[in-house]
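Asks: Work the whole structure out from these sequences, hints included.
In numbering that gives the first Met the number 0, the protein residues as written are 0 to 393.
Check the hints yourself; a few may be wrong.
Pairs of lysine to aspartate or glutamate, EDC-like flavour, derived with a Cα cap of 16 Å [as the list claims (entries may be wrong)]:
{"no.": "1", "residue 1": "K137", "residue 2": "E161"}
{"no.": "2", "residue 1": "K372", "residue 2": "E181"}
{"no.": "3", "residue 1": "K197", "residue 2": "E352"}
Distance ranges between label pairs, derived from CB positions [said to hold, decoys possible]:
{"no.": "4", "residue 1": "D231", "residue 2": "D164", "range": "48 to 58 Å"}
{"no.": "5", "residue 1": "A22", "residue 2": "P154", "range": "20 to 30 Å"}
{"no.": "6", "residue 1": "E162", "residue 2": "K12", "range": "32 to 42 Å"}
{"no.": "7", "residue 1": "R43", "residue 2": "R241", "range": "32 to 42 Å"}
{"no.": "8", "residue 1": "L185", "residue 2": "P96", "range": "52 to 62 Å"}
{"no.": "9", "residue 1": "E328", "residue 2": "L185", "range": "23 to 33 Å"}
{"no.": "10", "residue 1": "H163", "residue 2": "S23", "range": "17 to 27 Å"}
{"no.": "11", "residue 1": "K257", "residue 2": "S130", "range": "34 to 44 Å"}
{"no.": "12", "residue 1": "R264", "residue 2": "A54", "range": "16 to 26 Å"}
{"no.": "13", "residue 1": "S359", "residue 2": "S130", "range": "26 to 36 Å"}
{"no.": "14", "residue 1": "V8", "residue 2": "D231", "range": "50 to 60 Å"}
{"no.": "15", "residue 1": "P40", "residue 2": "P259", "range": "51 to 61 Å"}
{"no.": "16", "residue 1": "G208", "residue 2": "K12", "range": "43 to 53 Å"}
Note that these hints are calculated values from the structure, not bench results. Every residue, glycine too, gets a C-beta built ideally from N, C-alpha and C.
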Amino acid sequence: MADVQAGSVSSRKVTIAIIAGEASGDILGAGLIRSLRLRYPNARFVGIGGDEMVAEGFHSLVPMERLSVMGLVEVLGRIRELFSIRARLLDYFFNTPPDVVIGIDSPDFTLAIERRCREAGIPSVHYVSPSVWAWRQKRIFKIAKSVDLMLTLLPFEARFYEEHDVPVAFVGHPLADRVPMEPNTLAARESLGLDPDKPVLAVLPGSRGGEVERLGTLFLEASRWLQERRPDVQLVIPCVNRDREKQVQGLVESLEVKLPVTLVRGRSREVMAASDVVMLASGTATLEAMLLKKPMVVGYRLSNLSFKVLSRLVKVPWVALPNLLAQKELVPELLQDDATPEALGAAVLERLEDETGRESLKEIFMELHCALKQNADERAATAISELMERKHRG
0 MADVQAGSVS SRKVTIAIIA GEASGDILGA GLIRSLRLRY PNARFVGIGG
50 DEMVAEGFHS LVPMERLSVM GLVEVLGRIR ELFSIRARLL DYFFNTPPDV
100 VIGIDSPDFT LAIERRCREA GIPSVHYVSP SVWAWRQKRI FKIAKSVDLM
150 LTLLPFEARF YEEHDVPVAF VGHPLADRVP MEPNTLAARE SLGLDPDKPV
200 LAVLPGSRGG EVERLGTLFL EASRWLQERR PDVQLVIPCV NRDREKQVQG
250 LVESLEVKLP VTLVRGRSRE VMAASDVVML ASGTATLEAM LLKKPMVVGY
300 RLSNLSFKVL SRLVKVPWVA LPNLLAQKEL VPELLQDDAT PEALGAAVLE
350 RLEDETGRES LKEIFMELHC ALKQNADERA ATAISELMER KHRG
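Replies: Structure below.
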């Protein structure tokens, strides 16, 4: 039988196991199921997933929210349940072996399952690389024993696995497929009720309570520094949910000097699309801002102890994804002691007033967007189906 590739269909009744532990993985899993079903119309999909995957006909053995645990203390409080879920999954897979097991992100949970399945002769795939290229690089040896195939979202991740002889496929980033090449700034401003003729600063201090606690006041003070010099700038902060909105509102009210800020529940992509510049925490949001072709200033703070430990462990010179992708500093990173209201505000002001710089940065961001826009669902499904067919022939 020839490999099942794009445009080819197999009538085999295969079982494809997928394990997703959080909302982002659920979205990736749903797209993957749609593309795999085109190749295997008789496929059965089983494992752990959320509403998006279930809507595609996926059978979840355990509610996905039972895996959605953040923070060391929370994990320790649920460790017995997590081990029980892992044991239940392995028992199910060993008794009714699937044709492939795919872990999506959540490496602390999924990689151990992938390794046990691979040892039992079940092909295993991991979708979304851990940041092994950035820190704790010796994890690569554990990963090499756990997977038959690693699927990466970013090209420099794939190069790292190739250097360590781990089978890998770069599939592109799903966000790059979904975000339009040319964002409509005017439409976003109108939708948010903003003045289309005045500049907009989008402020994103993070989506988790701890991040907002560490960075919220810092970013607000930087915004106040900026507004003292540019009172025409409109400040907009998207809040991921009601709790974060109340938290940010409390921080705004605690400022000594009143600061006019528009708070928006959700709609972070729309807020960034409406902006001239984005001030944000490091993380996936930096990639989204890049795809929206927005100049940005990245700021981050940790506890002094955490920063010292991570500084020794991290093996890359940047934290912002645009810089990592370009392998040079495209956007400023103000970390720890360098992250002051004055420094952040001055960096934002510089980008607001440098129209030529904004245009040249937009061209670079366009090139990076094209490099990541690879139809990730399709490429991932092709790589997985080729692995399945090789194992089936073998």
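Asks: Which hint numbers does the structure go against, in order from smallest to largest?
Replies: none
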